[in-house]
Structure formats: C-alpha cells, structure tokens
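Colleague: So the chains spell out like this:
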Amino acid sequence: MDYINAENITFSYDEPEAAERHEVLRGVSLGIRKGEFVALLGHNGSGKSTIAKTFNAMLLPSGGKVYVDKMDTQDESVLYEIRRRVGLVLQNPDNQLVASVVEEDVAFGPENLGIPPEEIRRRVDEALKAVEMYDFRLNAPYKLSGGQKQRIAIAGIIAMQPDCIVLDEPTAMLDPRGRTEVLDTLHKLNREKGITIVLITHYMDEAVQAGRVIVMDSGRILTEGSPQEVFSQVELLKKHQLDVPQVTELAYRLKAVGFDLPGCPLTIEECVAALEPLLKKATVGEAYGDH
Amino acid sequence: MAIIETKNLTYTYGQGTPFQKTAVENINIAIKQGEFIGVIGHTGSGKSTLIQQLNGLLRPTSGTVLLNGKDIWEDPKKIRSVRFKVGMVFQYPEHQLFEETVLKDIAFGPGNMGLGKDEILKRARAAAEFVGLKEELLEKSPFELSGGEKRRVAIAGVIAMDPDVLILDEPTAGLDPRGRDVLLSQIVTYHKTRHNTILLVSHSMEDIARTADRVLVMNAGHAAMFDTTENVFACDRELEKMGLRVPQITKIMAVLKAKGYPVGTALTVEQALKELIPLLGKGNRNHD
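In the order they appear, the protein sequences are chains A and B. So in this note's numbering, spot 119 of the first sequence is number 119, and the numbers just go up one at a time. Heads up, this note's numbering is the position in the second sequence plus 1000, with the first residue counted as 1.
No lab work stands behind these hints, which were simulated from the structure alone. Misleading hints may appear alongside valid ones.
Unchecked claim - Below are the DSS-like pairs computed for lysine-lysine, each with C-alpha atoms no more than 25 Å apart in a straight line: (1) A:Lys281 to B:Lys1257; (2) B:Lys1134 to A:Lys239; (3) B:Lys1241 to A:Lys143; (4) A:Lys255 to B:Lys1251; (5) A:Lys255 to B:Lys1134; (6) B:Lys1274 to B:Lys1251; (7) B:Lys1274 to A:Lys238; (8) B:Lys1274 to B:Lys1259; (9) B:Lys1117 to B:Lys1134; (10) A:Lys143 to A:Lys129; (11) B:Lys1251 to A:Lys238; (12) A:Lys129 to A:Lys70; (13) B:Lys1274 to A:Lys239; (14) A:Lys188 to B:Lys1134; (15) B:Lys1274 to A:Lys255; (16) B:Lys1259 to A:Lys281.
One chain only, chain B, in its complex shape (with noise of 0.2 Å):
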C-alpha cells in the first residue's frame, strides 16, 4: 500500500471571487514507503501548493489525500497529528529559528508531541547529530550561527519529530556548493537509517538526479511526468519546453546517442564514465 496517495487532488486559490486561480489539478500519485522522490518544476507550476496539501497545510478543494490509506481530512480536528507524521521543510527555514538555545530550538517540535521531557531531548540531540550539528553548538543561540548551520538546526527540528515522511522545499538554495554536498549526502544518510519516504523539492537537477528513486514532474498545475529518475531526465527535449532542464551530464550523453554514437544514459559523471570508457578504450588510450 503506498504511504502517501492522491485522488483527483485539486486546489484553487481565491474560490467565487475575481482572482479564482487553479494552482493543482487533478493529480493522482501513489508514493510507497521507503522512496525517495524528486519534485521539480518551474516557479508557479504548482509544486507547492501540492505539498503544502501533503501535510493538511492546505485543504484540497475537492479530491483527496490518503495517508496510509486514510484521508487525512476525515476528522479535520486530527489534522494535527497529520503534520507529525509528514514533516515539512520550507524553504529558507533559518528564518523560522525563534528558541534561546539550538537544542530548544530542535526540541520544539516533539515538544508539542506531548512525549516525555527525557524522550523529547533524546530525538533532539539525535536529530542534531543527524545534520552534523556538533554539541557545543547546541546551546548557543541560533542566531549566532553561520546561515549553513542554522538551516540545519531548522531541518533537525522537523527530523526531531521523527516523521514518516519528510518533505523538504529546496534546503539547499543559497548555500554554496560544499554546504549541499555535505547537508544531501546528510540527507542520504538520513533515509538511509530510517528507511522513511522524502520528497525533495530543489531546481537543481544535479541534486535531483544524484538522489532520487523516481521523480515527479509539475508543470502549469498537473503532474506532467511520474517516473524513475533515469526514464524522466531521458525526455530532455520535454523537460526543455517546460522551462526545465537536465544535468549537464545527461545532456551530452542524450547529445552523443542522437549523433549516433552507441552510448547509454546517465545521472552522474561516474555513470558517463562507465559508459564511455569501454567504449573509447578501442584503440584511444595513450598508454595502453
């Protein structure tokens, strides 16, 4: 049974008035436990007006949501127990710190849990251990850390909840390049251990393309695309028209295969390798 499904979802902003706007339409998407899926799609494609529904963020205006097989608005006064077990990320979420201390700050959230205190710091400080917070950080101020640091203090806190999924909205835009290797492969790790189901919303299909099982493709409200990873990035030419594109990588090997040459796709530089190597090595190498 999937964790997360979607039936007929759609929302419309500003219903029965002027500016009546259809943000998502008619999606249907079954995610099973344990995938990690990738969301991509251009400002204003609907990406987050579907997730902010995966959560009870926002009420669908009509379809449904089933979590574990059950809508999540049946008894609209448990939607809060919802949230628990869909945790969500936004993004820039350092701009949601507010505790004196980080390790306050992570406990927040299990803090409304209504778990015990001895529990409740116990999933902190394993949260925190999680995005490579060091523990004499934990009880400085948020505010006193670097803009990497205090984005993975916000993540921890949603991790701290221990949710069965985590949706995460773009963590890694604005930070530079060794702080997303580090906070993705965290990230890997993460659902790695807890065999949970993440969704990572990002615009850089580089990120998109080095983690993800299958990806969802939003495009003017509706899910253009649901597929594995390799069979999405394989449409370049698609994706293009969409405002979107592939990693660089796959491109030239997509170029390459349409100039004839036998080569197969790839996600990664090491899969391009894989591929070109062989083949090149007739008659090529230097030293050989």
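Extracted from the complex, chain A is given alone in its bound form (with noise of 0.2 Å):
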C-alpha cells in the first residue's frame, strides 16, 4: 500500500440552493509513495484542490476512501494523527502567519501538539535552518517578502516533522525569485529529509522538476506519469487547454514540419542538446557551400 491511498473517491460541495450537486471529484484513484515529489495539474475547477485536499482529511469524501499511512481519513480518533503526518501550506502566505514574531509562528504547532519547551527550540531552529530563514528568526513576518513569507509558513509545518507537505499554489502570489526559493526549498526538503511532496501548480517549469506528474481535468485524471510521459502527449494537453514548457512546444512544433529530433526536451538544456546536432549539420553545410 502507498503512503496515501485515494480509493475511487467522489466528492460534492453542499450547495442547497444548486438545482443540481456539482461533483467536484468522479472517481478518483491514486497513490503517493513515500519519498516521491508529485506536481498536480489542472484548470481551476478540475477538482485539483479539493482532492489535495482530502489528503489530511482537511475535507473527507463523499464516496470512496482515503487512507494515510495506512489510516482512514474518515476515522475521527486518527484525525491529530494523520494532520501530523501531512501538513498543509497554501496559496496567500499572508493568511497562514499568526504570529507577530518568525520564530513563535514555527513554533505555533508543536506548541499545539505539547512537546517539551526544549524540544520545540530545538525543532524551531532545525526547521528555519532547513528553509534557510534562521537569521530571520526574530524578525516581524509582515516585513518578509513573499518568498520569505512561504517559507516561514513551509518551516511551521516542517516542525510538525510531517512525512508529507501538500501545497496548494504556494508560488501563485510570488515573484520569479520568491518561487525559486520555495522551489528549491522543497526540492532540499524532499531530497535531504524524504519529506514526501506533493505540489499543486499551474506553472510548467515547477511540474517538470517533479518526479510524477498527474494532471485532473474534469473531476478525473486526464493523465500522469513522468514529466517526459505527460508533456510529451501536447496534442492532449493543448486540447485541454493545459501548457506545456515553451521548449517542449518547440520541438513538438519542429518534429511535426518534419525534423528528426529526439526525446521530449523540457528544460533549456536538453533542448539544446537535442537541437545542436541538427544544428551542426545545417551550418556545416552552410559553411562548405551547400551549392
């Protein structure tokens, strides 16, 4: 069994003046593995959030099961325990900060969770390390930036010790430089602690950086797998409204007129590998007179 399990799930939003119940989710099945770092795609409505969501039985299915680390969401005696293992950090860093100091903010939940005062120094100070925002502890958080803010929010979490961060667009709201940082930072994360995570984005450049990518349209899952397996199917994906990387549209584009070239590229460097060869030929020719 995966760390999370979603078992034909179906979910409603209770809407009592709604001639009709708008299913939001219709049947979906998936599972996160311990470790991974999955980028979920979609339009807004796809129902991308919602089931994110369910993760940390923040919302519970109509139908269908959700299991975390074994877990059943819809148990109630478990719910400390699964929101312990999974947090959650979403969209506008400026709701999620409650405190008027960096430091108390981080320290907001395992104070919930009644360690030992000694015990959250020491996570405190481990999880703004890990973010990279230790200098900043005892600053304002409404004088950060909002990469800066993101991570402070990412660090409350981290002192939890979850197994797993789901974030729903934590970069929507951010600048180029504020959503590397949080790239990275998850990126770290992932790789020096096995926090597993999962990324809700609609940016192209962040879902192909991930490990597996699964993209809702609908209700349902359109398609996943790795970056290379989803971005390589553009006709889908453009039918759908969905983008794909510029580079990868531009081989597509390239291929389809009739050039030889190989694999999917999807990031500036293996688009120029994949392009400097054919490259090297034409000028060559170029160069020799190709009368």
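The task is to assemble the complex, starting from two chains supplied on their own in separate frames and drawing on the hints.
Modeller: As structure tokens, then:
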C-alpha cells in the first residue's frame, strides 16, 4: 500500500440552493509513495485542490476512501495523527502566519502538540535552518517578502515533523525570485529529509522538476506519469488548454514539420542538446558551400 | 506629446521618521498615447509605488507626473478626475466587489462620474461584453461567480469609466492557463479597439513578451531599463541579476546564439520557429 491512497473517491460541495449537485471529484484513485515529489496540474475547478485537501482530512470524500499511512481519514480518532503526518500550505502566505515574531510562528504547531519547550526550541531552529530563514528568526513576518513568508509557513509545517507536505499553489502570488526560493526549498526537503511533496501548480517549469506529474480534468485524472511521459502528449494537453513548457512545444512543432529531434525536451539544456546535432549539420553544410 | 510623463519622480515612505524609506527615486519616463507598456521588477522594486503615483493615489515626495502635459497635482482638488482618466485595476481586484448585482458593481465607477443613467448602463454593458461576461450573469450576485468571472467583473468596472490610460497590476495572477489566455486576449482586443494606453504589471515574462510594445524594468526604486520588448529581453543576464528572467523561448535562442549559431531573437514560439525552420532546413528534413 502507498503512503497516501485515494480509492475511487467522489466529492460534491453541499450547495442547498443549487438544483443539481456539482460533482468536483468523479471517482479518482491514486497513490502517493513515501518520498515522492508529485506535481498536480489542472484547471481551476478540475478538482486538484479538493483532492489535495482530502489528503490531510481537511475534506472527507463523499464516496470512496482516503488512507494516510494506512489510517482511514474518516476515522475521527486518528484525525490528529493524520494532520501531524500531512501538512498543508496554501496560496496566500499572509493568511497562514499567526504570530508577530517569525520563530513564534514556527513554534505554533509544535506547541499545540504539547511538546516540551526544549524540544520545541530544537525543532524551530532546525525547521528555520531547513528553509534557510534562521537569520530572520526574530523578525516580524509582515516585513518579509512573499517567498520568505511562504518559507516560514513551510517551516511551521516542518516543525511538526511531517512525512508529507501538500502545497496548494504556494508560488502563485510570488515573483520569479520568490518562486525559485520556495521550489529549491521543497526539493531540498524532499532530497535531504525524504519528505514526500505534493505540489499543486499552474507553472509548467515547476511541474517538469517533479518526479511524477498527475493532470486532473473535470474531476478525473486525465493523464499521469513522468514529466517526459506527460508533456510529450502535447496534443492532449493543448486540447484541454493546458500549457506545455515553451521548449517542449518548440521541439514538438519542429518534429511536426519533419525534423528528426530525439525525445521530449523539458528544459533549455535538454532542448539545446536535441537541437545541436541538427544545427551543426545545417551550419556546417553552409560553411562548406551547399551549392 | 506623451500622454503620461514623469519628471524626477521620487517617493519616500515615512519621511521624517526612523522608518524612512525611498521606494522610487528619480524616475523619468514618457509613455505615448496608444502604447502597450509592460512593467516588470521583483517584489519591493518600486513598481506599485510608481503606478500608484501615475493616477494620483500617492502624491510624489518630489518630482511631477504629467498627464497630457499637465501636472496632475496642479490643483489637488481635481485629483479625482485624474483617477477617471487613469484607471487602475489592483491585484486580486475581485476582493473589492461589493454590490448586489454584477451590473451594479460594474456601473459603480461610471456612476460617480456625473453621467446620465442611460449612459452609465450603456457603458457598464459594453464593458461587461469586452471582458466576456455573459448577459445572464449581469443580474447575479458577484459573489456567486467563479474566481475568474469575479476578476472580469472587477476589470469591467474600471473599463466602464473609459479611461485613457488603463493600469493593470498582475491581472492574471492566480488564474489557470486557460483563464489567463482568455483574459490576456481580451485585454489585447480592448487595447486594439479603443486605442488607449495600457500599462500591464506582471511577474509572467511570457505574458509581457506576448503583449507589450515596450517594457519598463524597475529595480531597487530605479527605472533600470525602458526599451522595446525585444531589446529588454535580449538582456537576459542583466535581468537575471535583478531577480527576473526572460521567457524560456527567448533564453534558448540566446543560448544558441551564444554558442555561435546564426539565430536571431524570439519572444514567442512562433518567432523561434520562423528563425529555426529555414536554418535547420538545410539537409535535416525527413521527408523533404
């Protein structure tokens, strides 16, 4: 069994005035393995945020089951165990910080777990170092940049020593520098601490860095696989008005007009490597007078 | 003559206090009527402080903002009329919706301009159409709409005032790729139809590359660059030093050029294809 297991889950938000129930999830089954870095893509309304919220029992499925570390999220007696294992970071950092000093904010979670003060001190320091915000521990959160605030929110989760962090568009409100800071932090936590990461994002450059990509559409899984497997399906993604990285589209369209490019490049480096042999051939031909 | 011009524009927050901080310093820019300007810069670079002075929400500490050649603070009592001429759509504008119906919310701005009732409604309906809000939504409560629809209502509310200059602060932030594409193309169509001036503030270099004629780069309170979109994005290294980047497609063409291949610059995938296909065509095509 995977670390998180969603088994054929459905979900509808209760809207008493609505004539028909709006099904947000229509039978989704997926597993998240321990230590994975998974990116969850899809349009607004595709169900990706809803499914992520079922991973720490913020929402309970209307039908089907979600298991976290073999525990049923519908079993209220294990609610705190689940929430301690799976932390949630949301889009707007300003809505998630509660204290007036950075280190107090990070200590908020462990304090509620009834952990002894010395242990809290140790965890807070470690968490702040993990997100590279230790030097800011005595600052006021409101004076930090968006990227720094999100890293404080992540530190607050890390101090709970979770197995898994679920992030719902954590970079949507950040500038390019803030986005890089947050993404680098997540990869470091995944690599060095083995923390499982589930990242919901609209940014394809963030998704290509994941180990696995799941694309949601209309409450179902549209496709999933390695970034290569998913983004090579340019037609399918375009049909659903989803983005592919610009270099992937470039290679795809060059192939479509008959050029023989290997593989499915996702990054600038990969695309340069794919193009260079062809460019060399073309420019050498020119240099030697292709008459 | 420029529609908007700044002369030695400087803004200092908390002047005379221990927290004094100069956010914008000595900005001299001129924007022509009908231009589509992209504004980029990382958080804290002074973008927001700058644009809030362009429509008189902030009064410069020193220097002037000229609208059609006239200092907007010449008569402070008339600053309201400047705000009708220079419309501002804030970040996450959907948080500012408040009326009972979508139509009333859109009509609120023009309603304050002393227009007749028919004219107000005419403008509100035209603005709704511009941003692609369907007729049947107009009598609904704005709070029943989806996030993307709410944002369009907020933008329509500013468009309905028919501003000569429209400033949009991150209009696509938080929208999904489909919502972003639709909204951007509506803004471009609006610009083409009305021939007004647009300033688009965005963290998305791809959005800027697709829409702007010229790009203003803010860095540490200064106007670091103000040039055509092509020329600005040709400076990928300088932009990276400022915590910014260029579109991926622009970057790959720059990398290829640096490696010595005879390729030009590109802002979009189409432009890159135009560069690469003829070049690669020499002996590489499968079924040629």
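Colleague: Which hint numbers does the structure go against, in order from smallest to largest?
Modeller: Hints 5, 12, 14 are the ones this structure does not satisfy, whereas the remaining hints hold.
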